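Given next are the chains, with one letter for each unit.
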Amino acid sequence: MARICAEGLRIEFPLYHFGARSMKKRLLGAASRRVKADAQNRVVISALSDLSFTIESGERVALVGNNGAGKSTLLRTLAGIYEPVGGRLTVEGEIGSLIDPAAGLDPLSTGRENIRLRALYRGLTAEQTAALEAEASEFSGLGEFLEVPIHGYSAGMSIRLAFAMATAVQPQILLMDEWFSAGDADFMVKAETRLEQLVTASEILVIATHDMNVVKRWCNRVIRLEVGRIVGDGAVGAL
Amino acid sequence: MPRPDHYLSIDAANPRHAERALADLRDGLSQWRLALALARLDLRNRYRGSVLGPLWMSLSSLIMLIGLGLLYGALFKHKLSDYLPHLAVSLIVWQWMGGFINESCATLTSAEGVIRQMRLPYTLHALRVAFRNSFVAAHSLPLIPIIFLIFGQVPGPEALLAIPGLVLICINIVAGGLLLGMICARFRDIPSIVANAVQLAFFVTPIIWKPELLGNAMVWMAFNPFYALLETVRGPLLEGGGPALVWLAAIVYTTLHVVLAGFLFARFRSRIAFWI
Chain A
23 MARICAEGLR
33 IEFPLYHFGA
43 RSMKKRLLGA
53 ASRRVKADAQ
63 NRVVISALSD
73 LSFTIESGER
83 VALVGNNGAG
93 KSTLLRTLAG
103 IYEPVGGRLT
113 VEGEIGSLID
123 PAAGLDPLST
133 GRENIRLRAL
143 YRGLTAEQTA
153 ALEAEASEFS
163 GLGEFLEVPI
173 HGYSAGMSIR
183 LAFAMATAVQ
193 PQILLMDEWF
203 SAGDADFMVK
213 AETRLEQLVT
223 ASEILVIATH
233 DMNVVKRWCN
243 RVIRLEVGRI
253 VGDGAVGAL
Chain B
925 MPRPDHYLSI
935 DAANPRHAER
945 ALADLRDGLS
955 QWRLALALAR
965 LDLRNRYRGS
975 VLGPLWMSLS
985 SLIMLIGLGL
995 LYGALFKHKL
1005 SDYLPHLAVS
1015 LIVWQWMGGF
1025 INESCATLTS
1035 AEGVIRQMRL
1045 PYTLHALRVA
1055 FRNSFVAAHS
1065 LPLIPIIFLI
1075 FGQVPGPEAL
1085 LAIPGLVLIC
1095 INIVAGGLLL
1105 GMICARFRDI
1115 PSIVANAVQL
1125 AFFVTPIIWK
1135 PELLGNAMVW
1145 MAFNPFYALL
1155 ETVRGPLLEG
1165 GGPALVWLAA
1175 IVYTTLHVVL
1185 AGFLFARFRS
1195 RIAFWI
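Going down the list, the sequences are from chains A and B.
Per this note's numbering, residue 23 is the first one in the first sequence, and the count goes up by one each step.
Per this note's numbering, residue 925 is the first one in the second sequence, and the count goes up by one each step.
No wet-lab data here; the hints were simulated from the structure.
Keep in mind that this is a model prediction, so the values were computed, not measured.
Where is the CB? At the ideal position from N, CA and C, for every residue including glycine.
Check each hint, because a few of them may be wrong.
Unchecked claim - Dumping the calculated SDA-like pairs for lysine to any residue here, alpha-carbon to alpha-carbon at most 25 Å:
1. A:Lys212 <-> A:Ala223
2. A:Lys58 <-> B:Ala936
3. A:Lys58 <-> B:Ile1200
4. A:Lys58 <-> B:Leu1085
5. A:Lys58 <-> B:Ser1194
6. A:Lys58 <-> B:Trp1199
7. A:Lys58 <-> B:Ile1196
8. A:Lys212 <-> B:Ala936
9. B:Lys1134 <-> B:Trp1199
Unchecked claim - A few chain A residues that face chain B, going by a derived Cβ cut-off under 8 Å, partial list only:
10. Phe35
11. Val107
12. Tyr143
13. Thr147
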């Protein structure tokens, strides 16, 4: 059973590569809510402060909030990329992240080589790799372009490949940054169907979005973030 | 117990530094296939469109070897049959180590795009740089037996001792990839300092000159870690084994290096994503 549990989660981004001294004066003087000095007197941006929540299997959570509220940071934290400086986080279940599906693509390799590379990134067995290759090449509909280096692809083609690779494996916990909308009209229909499958078959969905239609259609719980804190958490209708 | 990659548990109050650093190392090493594939892609992309491609690596070593060999052989009044085998082994092992040290400064910063998007063991990135450099070195490696054959330099069975020497260098390379990668991600002035230090090390280490030239000052050479490591490979190939002191020094340096890298990696691993 998939489950996410966070208690007092805190993430801070240190500001290292700037003139910390003058910046400290400027920023800390302004009584900012986000920028503060940490225990070692360094300037840090408080990205997430004191988040506590539990997401059980079956919940589809929308993270909403303004730009810079900490939605993407929270997704990356759940994916295990950023480690909290305070609090506890437990994530049980296989994580699939659609945070940036184009990450790790090699522009000078062909589409097919990139699919194999992705399989290596995911640590798949030879059998699973073959399955991913068949699945992703079929779904992307790139045909002979699979044998062409992807730096020659149009933007739409790259997205088709990235999307096909990212969505070919069904995870238990699906982390998404914004609902995809890419490719031509034909592909959009296919992509929508695929995403629906993925979302409905995952045990937990966490999606950061601005789109209220996505929230209403796919989610049964909303967590609203504001300047790195949870300011609302409840059923979709309630917020 | 759930599969480790299907279970993530982080508690800032109980960070389990050592345990999680070891898990990173284990996961990274187990993904050696990915590191190998990425290293090969790096080289393929570097030589894309080039006619000779990776052969340039062998060619540049050969040119260097002939140029330096003729000039310094004459300057030092060494016999070529004596000097060139020494230079070949020294230079090629050095290119491997020195090239690696320079590139390992970017181990983590150059993987920024991936580190921020995917959860991967950091060891993987160090392994990628280690493989890439070893491929480069492997292209010059055939020059050593060729020069040995030309000058009739046939090492005895003690040449096998070069294998533990190579293992020592490999251990240092993985440790160095993490250590330098980490320090250089945090402090952006370090790569320039390292580049200077490597250049200096090339001249103060017996690579173009033979260690005997030092005479009595030779004992001090054990304090040069590059010499110690180099000699664990060169000694077996050229001098029937290499002095015991050198082996001891090489093992001590490697241990210190691994302990330092391991300590800093365990302590600061969780901060790396915020540094790059």
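Results for each hint:
no. : hint                    : verdict
1   : A:Lys212 <-> A:Ala223   : holds (17 Å)
2   : A:Lys58 <-> B:Ala936    : holds (19 Å)
3   : A:Lys58 <-> B:Ile1200   : holds (21 Å)
4   : A:Lys58 <-> B:Leu1085   : violated (57 Å)
5   : A:Lys58 <-> B:Ser1194   : holds (21 Å)
6   : A:Lys58 <-> B:Trp1199   : holds (18 Å)
7   : A:Lys58 <-> B:Ile1196   : holds (21 Å)
8   : A:Lys212 <-> B:Ala936   : violated (42 Å)
9   : B:Lys1134 <-> B:Trp1199 : violated (42 Å)
10  : Phe35                   : holds (6 Å)
11  : Val107                  : holds (6 Å)
12  : Tyr143                  : holds (6 Å)
13  : Thr147                  : violated (11 Å)
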